[in-house]
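Chemist: Sequence:
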Amino acid sequence: MNFNIEMLFDQYGYAFLFVGLLLEFIALPFPGETTMLYAGYLSYAGILNGWTALIFAFTGTTIGMTVTYFIGLKAGMPFVERYGKWVLLTPGKLEMTKKWFNRYGHVLVFIGYFIPGVRHVTGYFTGITGTPFRTFAIYAYSGALFWCVCFIGLGNLFGPQWEKLLHAIERHSWKLAIAAIVLVAMAWAARLVVRRRFAKRVGSA
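Residue numbers (my numbering): 1 to 205.
Mixed in with the good hints there might be a few duds.
[To be verified] Label pairs and their calculated CB-CB ranges:
| no. | residue 1 | residue 2 | range |
| --- | --- | --- | --- |
| 1 | 47 | 193 | 45 to 51 Å |
| 2 | 99 | 164 | 32 to 38 Å |
| 3 | 117 | 168 | 37 to 43 Å |
| 4 | 164 | 192 | 35 to 41 Å |
| 5 | 117 | 12 | 42 to 48 Å |
| 6 | 51 | 75 | 18 to 24 Å |
| 7 | 198 | 142 | 20 to 26 Å |
| 8 | 52 | 117 | 18 to 24 Å |
| 9 | 192 | 117 | 24 to 30 Å |
| 10 | 99 | 195 | 24 to 30 Å |
| 11 | 79 | 198 | 40 to 46 Å |
| 12 | 74 | 189 | 31 to 37 Å |
[What the hints assert, rightly or not] The calculated EDC-like cross-link candidates involving lysine to aspartate or glutamate, where the alpha carbons are at most 20 Å apart (straight line), are:
| no. | residue 1 | residue 2 |
| --- | --- | --- |
| 13 | 99 | 81 |
| 14 | 164 | 6 |
| 15 | 98 | 81 |
By construction, these hints were calculated from the structure, which means they are not laboratory data.
By construction, the Cβ of each residue, glycine as well, lies at the ideal position given by its N, Cα and C atoms.
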């Protein structure tokens, strides 16, 4: 386990979870998934309240994503390309996210939380493309809630074995990301089918 994370939790508690995740989504180096798994373990051990940890994690994540959305919306790609290097937004990471965004659109904002190197950039790209805030919020905030629930919940579920789970996730992160994409794509396709069938029934009524 990362000793610094344990020490910072001891000193700052929920505030460390909130500030750390907020900064991660501005693309500063912070082990968000590790921290949430450990927070889940602390809730298992009775040191933290799991629901309170979830609220702080979700709030930090959504504020961080919202800040990057408005930076992208107001400053655009030239700003990100010029100053992104200062917050670890490398040209390679920007290009990769651009390709993913062109392929999956706004769904990437939801699933991007589970894709290494992508979740830090999706907020910027959503703003750059001029996506309405309401659309951004639907995908970003629901994805943030799902992401936080998954990792804090898994940390609580696995308890003392949370580090083994972390190592397994790190080894198979891309497989998990692909699985998440497939599941979301299937859910999205099913939703479209249901909507079209409903529209046909209404039209024929």
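Chemist: It remains to establish, for every hint, whether it holds in the given structure.
Modeler: Against the structure, the hints come out as follows:
1. 47 to 193: 45 to 51 Å: Between residue 47 and residue 193, where Cβ atoms are some 46 Å apart, the hint holds.
2. 99 to 164: 32 to 38 Å: holds, 33 Å
3. 117 to 168: 37 to 43 Å: Since residue 117 and residue 168 have Cβ atoms about 19 Å apart, the given range 37 to 43 Å is violated.
4. 164 to 192: 35 to 41 Å: holds, 39 Å
5. 117 to 12: 42 to 48 Å: Violated - the Cβ-Cβ distance for residue 117 and residue 12, about 27 Å, lies outside 42 to 48 Å.
6. 51 to 75: 18 to 24 Å: Taking Cβ atoms as reference, residue 51 and residue 75 lie about 36 Å apart, which means the hint is violated.
7. 198 to 142: 20 to 26 Å: holds, 22 Å
8. 52 to 117: 18 to 24 Å: Check failed, 30 Å falls outside 18 to 24 Å.
9. 192 to 117: 24 to 30 Å: holds, 29 Å
10. 99 to 195: 24 to 30 Å: holds, 28 Å
11. 79 to 198: 40 to 46 Å: holds, 43 Å
12. 74 to 189: 31 to 37 Å: Check passed, 34 Å falls within 31 to 37 Å.
13. 99 to 81: Within the cut-off at roughly 16 Å; holds.
14. 164 to 6: holds, 16 Å
15. 98 to 81: Between residue 98 and residue 81 the Cα gap is close to 12 Å, so the pair holds against 20 Å.
This entry does not satisfy hints 3, 5, 6, 8, going by the numbered hints stated previously.
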